[in-house]
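Student: Chains as they are written, first to last, in numbering that gives the first Met the number 0: chain A, 0 to 430; chain B, 0 to 460.
It is possible that some hints are incorrect.
[What the hints assert, rightly or not] Keeping only pairs whose Cα atoms sit at most 30 Å apart, straight-line, the calculated DSSO-like set for lysine-lysine is:
hint, chain 1, residue 1, chain 2, residue 2
1, B, K314, A, K428
2, A, K428, B, K330
3, A, K428, B, K308
These are calculated hints, taken from the structure and not from any lab test.
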Amino acid sequence: MTSTKGVTTACVFALGSGLGLAPAWADGAQPFAWVGGTVHPLLVGVAPIPDGVVLVDGAGKVACVGTRAACPVPTDATVRELGPKTAVLPGFVEGLSRIGQIEIDAEDNTHDGAAQRESNLAPVQAIDGIGLNSRVVDAARKGGVTAVLARPLGSSLIAGQSVLFRTCGATVDAALLRTPVALHVNLGEEVRTADLAWVGARSGQIALLRTLLERARRLAEADAGKKPKDAAGLESLQRLRDDPGVAALVPVMAGKLPLVVHAQRADDILAVLRLRDGLGVRFPLAIAGGAEAHVVAAALAKAEVGVIVGPVRQRPYGPAARRWTEGALGDLARAGVKLALATADTYNARNLRWEAGFAIRWGALTADAALRAITVGLGEVIGFAKLSTVGTIAVGAPADLVAIDGDWADTSGHVVGVACGGREEWAPKQR
Amino acid sequence: MPTISRSYAAQIATVLAALLVACGAPIVSLPGGAPPPTAQPDAVRAPRLHPATLLRGATLWTATGEVLDATDLLLRDNRIAAIGKDLAAPSGALILDVRGKIVTPGLVDMHSHLGVYPMPPGKAHADGNEMTQPTTPMVRAIDAFDPEDPAIARAVAGGVTTALILPGSGNVMGGQALYVKLHGRTVGEMQLPGAPRAMKWAMGENPKRVYGGRGTMPMSRMGHGWVMRKALFEARELLAQQRAWDDGSARPGPRPQKPELEPLVALLSGQVSLQVHCYEVHDIETLVRVAREFGFQVAAIHHALEAWKVPELLKDNGIAVATFADLWGFKLEAWDASVHAPRILHEAGVVLALKTDHPVIDAHEFIFEAAKAHHHGLPEQAALQAVTRNPARAIGLGDRLGTLEVGKAADVAVWPGSPLRVGAVPERVFVDGVQVVGDGRNLQAQWSAGPGTDARGVCCD
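Please put together the full structure from these sequences, using the hints given.
Tutor: What follows is the structure, encoded as structure tokens:
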């Protein structure tokens, strides 16, 4: 089904991953072309291209996406001739894992750890804890997951700021796609912090969040030109500005940094929507988790709040998930809620495409919608899709691709090729 | 454990962590000297609407390695009565046209905590680990098993018809397992009549984490080895005294009895199927060393994520492997797992089983383990055998169920297409010849949901 010519770097990757090390990424990328599969660029107005071509240049950037006629392949490129049943897709994007932050769960010395002594850790940046020298990172990439969103771990009310990075590269700087991506808030019975016992209650969590965001709003308004009435007002503002926990929230209230609230229950989600309404600033907002999001699908759609759904396969037993059904995703999609699917796993985030497969199998999402939900979906839900090509195959952007021989959403399909940051990894082998 | 999932999901994660971090031992029979609890005869637990069921024209994946196209399967009472073309329907038989469907044996999950960690997770439901002393061979899963666990109905909806319910792995010797069929209202109705005895032990990280964390033995693998051997020395001594008493050579008083040691005496007498949580190569070696020292057989090692490195050691010692398709990494003993392990073990001739460790893997999704193993190179029919015939063999039920053969239990799943695909669920499931799932109904859900609820759904609100 596939033929190759030219030199591949597969042996380099295989060696690196076999030792549990990050792949030894070559400095220069080899131009390559994937020819003959059905290409799904996932760009607005661009349909899938049968018998298509993705050409990647020596700088690792997508040079051409189109038909064979539209994309002639230069002679120095490695050519992979794909069968018509091979799908060429953007690399998948996982939004709820701990990839890069945790290596061996039960061994604390392999964690970034969980900063959770205080309720408000808004200044904490997940990028500072990411490590790319990781077998977990390698496993995800070999499964076609080329980008990961990571937020600071822990059970603080305000967890901190997330980072989006590739699953390739020697360091987080080499892998970096965006930071900060969003400010993350935890809501629910798991929130436990040492400084304020009452944050153990949902009502307390919402109250503290409101207080902090109101303070940040004052700073944001001042930044926008609203002057304090007197010296006391100035001094009060300065006190707020000197509080790093409040200062880090200003971009949220200024509409520049999206807020992602991790919540499961329908009532918790509504509490978040009420909170934003009450603040009077329609800042970018998304829900993550969302086991009961379908119960409030209409409210989410009206508020233009999307959901990162994960895990996709809920277990309909406990108080937060008892109302979950296999049709929940369908309810959200029909209501017009933007969706991203996530494994909420770490080690098996490599199986993200099969979570989309479950959604398709249940009849909850169309294949197109499910594919969007594991690629461009995260950017659409959080809002960075307007600023980034992540989750698409766009000319001029570094190539993040996956080729799957057969049904991309099923176990019958196999990952035959991955490109991450423009580097091709043909025939990737899971450990 | 820090975790990304929250609230209810986090509760599940906590339970999973507890299980992954400490996994234990099965029970199946009786405690010291007492007669085994009597399982209810099948006729009592199964409301049988038809004396027989004829499944017409399906493709049979028999789990013997054969695939039979367009073949009839006749279930009569609780057995498979006939397999062939154009079978005659007995009087009163339910006849189902299942042409184009795939029929497999019901799935056999040889490592499950259904009923001992019932859903939803919570303190009140944590009944699978008696972590008050490191050796508790005398405790029994049957005393904890909750037949109203709603996960049971979802498990059977996923095609699971038989499960070995194991204590967890917090203890070196966790206790005795329970064999259940996933159909019935009570423990007595679900317990498999005439089942063997099985016991669960655990090697490796979990017991030393549990007890070492308290500053008590075992804190290390060395201590673990001694804890095992100390209990076995005592059992061996008791067995010698009992044998001397039985043959009349030494009767200083009444026949020696120690209820807490009886299960180990039974093990040393070859009467117990020993199922051991055991991941790493050096732990496998320790287990084999101790088994040789005391002369008992290990039936299977569970999880066993490094078994792929030493298939010959397992094959030579007649030890089956019950593993995950692709779970890995969560602790050091799970770090060197390989997705190729099922294929490697199969090719080496080891009896290879997959299992859920429910709720670690949701029992409802057991078949997905087989699908993933197949994806990573385990041949199709071998993947089916890994969730049917092989686990049945590894827990001592190979002569009764696990394949589609005349005389075997009428445990059958009817799939609309290949079961080895993402999201595959059976349309119908028969347990002992009774259609528990089918025609939009789930009998087990009806029972566990209680009066006034709609029996059609597994979940309702």
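Student: List, from low to high, the hint numbers that the structure doesn't satisfy.
Tutor: none
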